[in-house]
Each structure stands twice: as C-alpha cells, then as structure tokens.
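One line per chain: the protein sequences are A and B, in this order. For the first sequence, full-length UniProt numbering puts the final residue at 221, and the numbers step up evenly by one. For the second sequence, full-length UniProt numbering puts the final residue at 232, and the numbers step up evenly by one.
Mixed in with the good hints, there may be bad ones.
As the list claims (entries may be wrong) - Facing chain A, according to a computed beta carbon distance under 8 Å, are these residues of chain B, among others:
1) I117
2) L120
3) I121
4) V128
5) L131
6) I132
7) R140
8) V141
9) V144
10) I145
11) I147
12) Y152
Stated by the list, open to error - Cβ-Cβ distance ranges computed for the label pairs, FRET-style:
13) A:E192 to B:I123: 27 to 35 Å
14) B:R230 to A:L9: 48 to 56 Å
15) A:Q198 to B:L131: 30 to 38 Å
16) B:L11 to A:L83: 22 to 30 Å
17) B:A19 to A:G72: 54 to 62 Å
18) A:L213 to B:D220: 27 to 35 Å
19) B:L11 to A:Q186: 55 to 63 Å
To be verified - Residues from chain B that keep clear of chain A, each with C-beta distances beyond 12 Å, as calculated:
20) P28
21) L62
22) W97
23) T104
24) P110
25) T150
26) T194
27) R214
28) L227
29) R231
Everything labelled a hint here was simulated from the structure, so no lab data went into it. Just so you know, even glycine gets a beta-carbon here, dropped at the ideal spot from N, CA and C.
Spelled out from the first residue to the last, the chains are:
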Amino acid sequence: MKQAWIIALKDLRLEGRSKDILTTTVFFSALVVLIMGFALGPDTTRLRESAPGVLWAALAFASILAAQRAFGSEQESGALESLLMYPGGHEWVFVGKLLANYLLMLVLAAVTLVTASLIYDLHYTHLPYLILTVLLGVLGFSIVSVFYAAITVNLRAKESLLPVLMFPICIPVVIGAVSATRVLTQNGMMDELYSWLQLLAGFDVISLLVATLLFPHALEN
Amino acid sequence: MKDKITLGLGLLTLLGVAAGLYFALTSPPDANQKDLVRIMYLHVPSAWTSYIAYFGTMVFSLVYLVGKNRKFDRLAYSSAELGVLMTILTLFGGSLWARPTWGTYWVWEPRLTTTAIGLLIYIGYFIVRGLIEDPHRRARVAAVIGIAGTLYIPVNYMSVYWWRSIHQTPTIQLLGKTHIAADPTMILALSIMTVAFTVMYLYLLRVRATVAARVEAREDRLLEAELQERRA
Numbered sequence: 001m002k003q004a005w006i007i008a009l010k011d012l013r014l015e016g017r018s019k020d021i022l023t024t025t026v027f028f029s030a031l032v033v034l035i036m037g038f039a040l041g042p043d044t045t046r047l048r049e050s051a052p053g054v055l056w057a058a059l060a061f062a063s064i065l066a067a068q069r070a071f072g073s074e075q076e077s078g079a080l081e082s083l084l085m086y087p088g089g090h091e092w093v094f095v096g097k098l099l100a101n102y103l104l105m106l107v108l109a110a111v112t113l114v115t116a117s118l119i120y121d122l123h124y125t126h127l128p129y130l131i132l133t134v135l136l137g138v139l140g141f142s143i144v145s146v147f148y149a150a151i152t153v154n155l156r157a158k159e160s161l162l163p164v165l166m167f168p169i170c171i172p173v174v175i176g177a178v179s180a181t182r183v184l185t186q187n188g189m190m191d192e193l194y195s196w197l198q199l200l201a202g203f204d205v206i207s208l209l210v211a212t213l214l215f216p217h218a219l220e221n
Numbered sequence: 001m002k003d004k005i006t007l008g009l010g011l012l013t014l015l016g017v018a019a020g021l022y023f024a025l026t027s028p029p030d031a032n033q034k035d036l037v038r039i040m041y042l043h044v045p046s047a048w049t050s051y052i053a054y055f056g057t058m059v060f061s062l063v064y065l066v067g068k069n070r071k072f073d074r075l076a077y078s079s080a081e082l083g084v085l086m087t088i089l090t091l092f093g094g095s096l097w098a099r100p101t102w103g104t105y106w107v108w109e110p111r112l113t114t115t116a117i118g119l120l121i122y123i124g125y126f127i128v129r130g131l132i133e134d135p136h137r138r139a140r141v142a143a144v145i146g147i148a149g150t151l152y153i154p155v156n157y158m159s160v161y162w163w164r165s166i167h168q169t170p171t172i173q174l175l176g177k178t179h180i181a182a183d184p185t186m187i188l189a190l191s192i193m194t195v196a197f198t199v200m201y202l203y204l205l206r207v208r209a210t211v212a213a214r215v216e217a218r219e220d221r222l223l224e225a226e227l228q229e230r231r232a
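Sequences are here, hints too, so could you generate the full structure?
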C-alpha cells in the first residue's frame, strides 16, 4: 500500500506543478457541456431532462484525456521500465496510478457538476446521494480508463485505441450514473436510486478486483 | 480427417440442426406472433451460443495467462470469432423479427444496445490483436482484454430484468424459479436447437483452432527458412 501512495503522491505533485491534466480536462468538459447546450436548443425543460446524460458524457470523454496522461509522463521519458523494476508487485503501480487519477477526476467532476447545474438550471433533492453517485461513477471510469491506458501505452495508434477499448466497458457506469442522477434531479424515486447505486458499487468492486489482478499481465514486457 | 472427435461433433451438429429444424417447422404457430415465432428457434440459440463463446474466450485466456501455452491463445481467439459471428446472427435475426413486430429494424432499447456494445468490445479485441506483432505479447494482451471484456456479458444478460422495456424476458428463465410459458413442442424445438448450436460451437471451435495452428506453423516455417537463407 505504501508503494501505491508514493506513486500517487508523485503523480499528484507532478500535476501540481504542471497542471496539465486539470486545465485540459476541465476546459474540455466545460466545452462539451456548452456544445450540448447549443445543440439541444433553448428549451429549458428539454435541457433539464438531458442534463444528466450530458454531464456524464462530458466526464466520460474527459476521463479519456486524463487516462492518456496516467502513463504518458513515464512513457515519454522512458521511465516506465524503471518504474516496473521497483520492488513490490505491479498491482501497487496500478493502485497508485488509479488513486492519482481518481483524485484528479473528482476535482474535475466537482467543477463540471457545478457548471452543468448552473447552465442547465438543475436542483438536487438529496445532496449526500448525489455525492455518493459521483464518487462511485467516477471511480468506475477511473478503474477502466487507467487499466486500458496501461494496455495501450506501448501500442501504435494508442490515442484512438483507448476510447475504442474503454467506452464499451464503461457503459454500465454511464447507464447507472445517468439514471441515478436523473432520479436525483427529477422524480426522487428512492427505490430506483438504490438499485442504480448498487449497480455502480457492484461494477466498481468487480472491475477493481479484475483490473488489479490482470494489471501485471497487461504491463509486463 | 484423422480427428475423430471433430468429425463426430460435426455429424452430431448436422443431426441436431436437422431434428431442431423439423420440430421448429412443425410446432404450432404462436397465438400472437403466428409463424413469425419461428425466427426465435434460431435467434435464441445464436444468442445463447454467443454467450458460451465469450465465456469460452475468458476461460481459454485465463488458462493461457497461467500456462503460457499458445494453444489456448488460439482457442481463445477462435472462440471470440465465433462469439462475434453469433452476435451478428443474433442481431440480424432479431431485426428481421422486429421489423414486422415492432415496426422497425432497430430500437434504442437496453437488450439491443447492450448486445451491440458486446460486439464492439470483441471488435476492439481483434483491432488490438492486429496491432501487436510479437506473438507472445499479442497473446498476453489479448488474453487480458478477453477476460476484462467478459465482465460485460452479465450486464447484457441481466438487461431485460433491469430495464423493463420492449424486449421480452427470456422464454425459459435460467435464474430463480423455473418458469416455462409455452407449448411443449415449442420448448422441445427450442431446446434441441440450443443443444445443436452448442455442439456446433464446439465443432467450429475445434476446426478454427486447427486452422489457426496450421497458419501459425506455416508462419514459423517461413520465418525459419528466411533465417536460414540469411545465414547462408
């Protein structure tokens, strides 16, 4: 666990100095929210109905940008091999990278949520549940995107390959998070909300297990 | 053909499909859907076989990662190919049935959408295979994607339960209390077809893996010959 923290802190410190990931992803997701707003037209009811979908689509697209940077700095400087030679299992490299990516994605999600709520005029009934939905949904994106970023980092055409591999797997997260957010912004049917949160939590637990176990095979050279 | 098991599976497939078709064509028409229901006798078995094929890819990929025996990599991608084929057949049969029933070939409905996405996952699998040249690395990365992709299959299966919509729930429920809501001959036809398709999967898997083994052997021979030529 200590190795994971060290890797996560290293990545966060790097991000703190360059602010590469946050500036690009925040700007990008704000753009998606705006463009979808223009595309859907000025009808406020329709905007409010589509807002959960737009919000999570923006986060999904932005998570690709963030994940490509997860191994990008090591890849560019040729430090990936050295990183893998450090003592301790490769699982911890994954957990460390995941932690750093998750924290950045949470900041991004918070900013996007506020922007989208202002632009689309959203009101939430249960704030704690909204926070839980965001925590679970963003975790799902982070696990899948960091895992596939590790697979594609050494491949040709990695920029286009990552979304191709990652989006289909992310569909349960998108469906669960969008539906949960819709419940929270519109009808407030709590039974329905619980089953969507269960789907998200189940997906997170299973994909975290599978990704951590498979990661050493995905990256070893 | 020396391989008696493959030959036997092939003959069994023929017999099974013939018997299945007989019952599928002689069973009574459905009360609401009339003769259109007969598409189901091909649609359900192909969907079932696609699940088996994807599950097979996962199992063979796991075995490959444990033992690093190339044979299991060949089986894994042969199985994935069959899965893609069966998913395409499922979607095709489904749309033929949907056009007269729902009035459109395609609706954005959970079962259909999740099935189409399953197809995308395995197309991604083959794209990645095409991008890696070193056979061992290709086999390893493909195995990882094959296992991770299978995670998604339960979502597809459960989609009709989670999202109540236009697609009907399974005719024969596998989960919970067994519940059969159809004429016995229809169930017989469907069961025989499902078994026949399962045997066909095993048969095609063996044939495809044999072909793959020969292709790899030829590639190795060519490589060897090239090396010899350079040394000489």
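Each hint tested on the structure:
1. The beta carbon of I117 (chain B) comes within 5 Å of a beta carbon in chain A, closer than 8 Å, and the hint placing it at the interface holds.
2. Because the beta carbon of L120 (chain B) sits about 5 Å from the nearest beta carbon in chain A, less than 8 Å, this interface hint is met.
3. Proximity of I121 (chain B) to chain A holds as hinted, the smallest CB-CB distance being about 4 Å (cut-off 8 Å).
4. Annotation: V128 (chain B) was flagged as interfacial toward chain A, and the flag holds, the nearest CB pair being 7 Å apart, inside 8 Å.
5. Annotation: interface hint on L131 (chain B) holds; nearest CB of chain A at approximately 5 Å, less than 8 Å.
6. The closest approach between the C-beta of I132 (chain B) and any C-beta of chain A is roughly 7 Å, which is under the 8 Å cut-off, so the hint is satisfied.
7. A cut of 8 Å between beta carbons decides the hint on R140 (chain B): the least distance to chain A is about 6 Å, and the hint holds.
8. Proximity of V141 (chain B) to chain A holds as hinted, the smallest CB-CB distance being about 6 Å (cut-off 8 Å).
9. A cut of 8 Å between beta carbons decides the hint on V144 (chain B): the least distance to chain A is about 5 Å, and the hint holds.
10. Restraint check, I145 (chain B) versus chain A: the minimum CB separation of about 7 Å is within 8 Å; hint holds.
11. Using the Cβ-Cβ criterion of 8 Å, the hint placing I147 (chain B) at the interface with chain A is satisfied: the shortest such distance is roughly 6 Å.
12. Here the hint on Y152 (chain B) is kept, as its CB sits about 6 Å from the closest CB of chain A, short of 8 Å.
13. Taken as a hint, the range 27 to 35 Å holds for the pair E192 (chain A) and I123 (chain B), whose Cβ atoms sit roughly 33 Å apart.
14. The hinted range of 48 to 56 Å is satisfied by R230 (chain B) and L9 (chain A), whose Cβ atoms lie roughly 50 Å apart.
15. For Q198 (chain A) and L131 (chain B), the Cβ-Cβ distance of about 37 Å falls inside the hinted range of 30 to 38 Å, so the restraint holds.
16. The beta-carbon spacing between L11 (chain B) and L83 (chain A), approximately 55 Å, falls outside the hinted interval of 22 to 30 Å.
17. Distance hint check for A19 (chain B) and G72 (chain A): the Cβ-Cβ separation is about 58 Å, which falls inside the suggested range of 54 to 62 Å.
18. The beta-carbon spacing between L213 (chain A) and D220 (chain B), approximately 32 Å, falls within the hinted interval of 27 to 35 Å.
19. L11 (chain B) and Q186 (chain A) have their C-beta atoms about 58 Å apart, which keeps the hinted 55 to 63 Å range intact.
20. At roughly 38 Å, the least C-beta separation between P28 (chain B) and chain A is larger than 12 Å, which holds for a residue marked as non-interface.
21. Under the 12 Å C-beta cut-off, the non-interface status given to L62 (chain B) relative to chain A is violated; the minimum distance is some 10 Å.
22. For W97 (chain B), the shortest C-beta to C-beta distance to chain A comes to about 24 Å, beyond the 12 Å cut-off, and the non-interface label holds.
23. Residue placement check: T104 (chain B) keeps its beta carbon more than 12 Å from all beta carbons of chain A (closest about 22 Å).
24. Under the 12 Å C-beta cut-off, the non-interface status given to P110 (chain B) relative to chain A is violated; the minimum distance is some 8 Å.
25. Non-interface status of T150 (chain B) relative to chain A is broken: a Cβ of that chain comes within 12 Å, the nearest being about 9 Å off.
26. With a least beta-carbon separation of about 26 Å from chain A, T194 (chain B) lies farther than 12 Å from that chain, consistent with its non-interface assignment.
27. Every CB of chain A lies more than 12 Å from the CB of R214 (chain B), the least distance being 27 Å, so the non-interface label holds.
28. Annotated as non-interface, L227 (chain B) keeps its C-beta farther than 12 Å from every C-beta of chain A; the closest such distance is 24 Å.
29. With a minimum CB-CB distance of about 28 Å to chain A, R231 (chain B) clears the 12 Å threshold, and the non-interface call stands.
Of the numbered hints listed earlier, those contradicted by the structure are 16, 21, 24 and 25.
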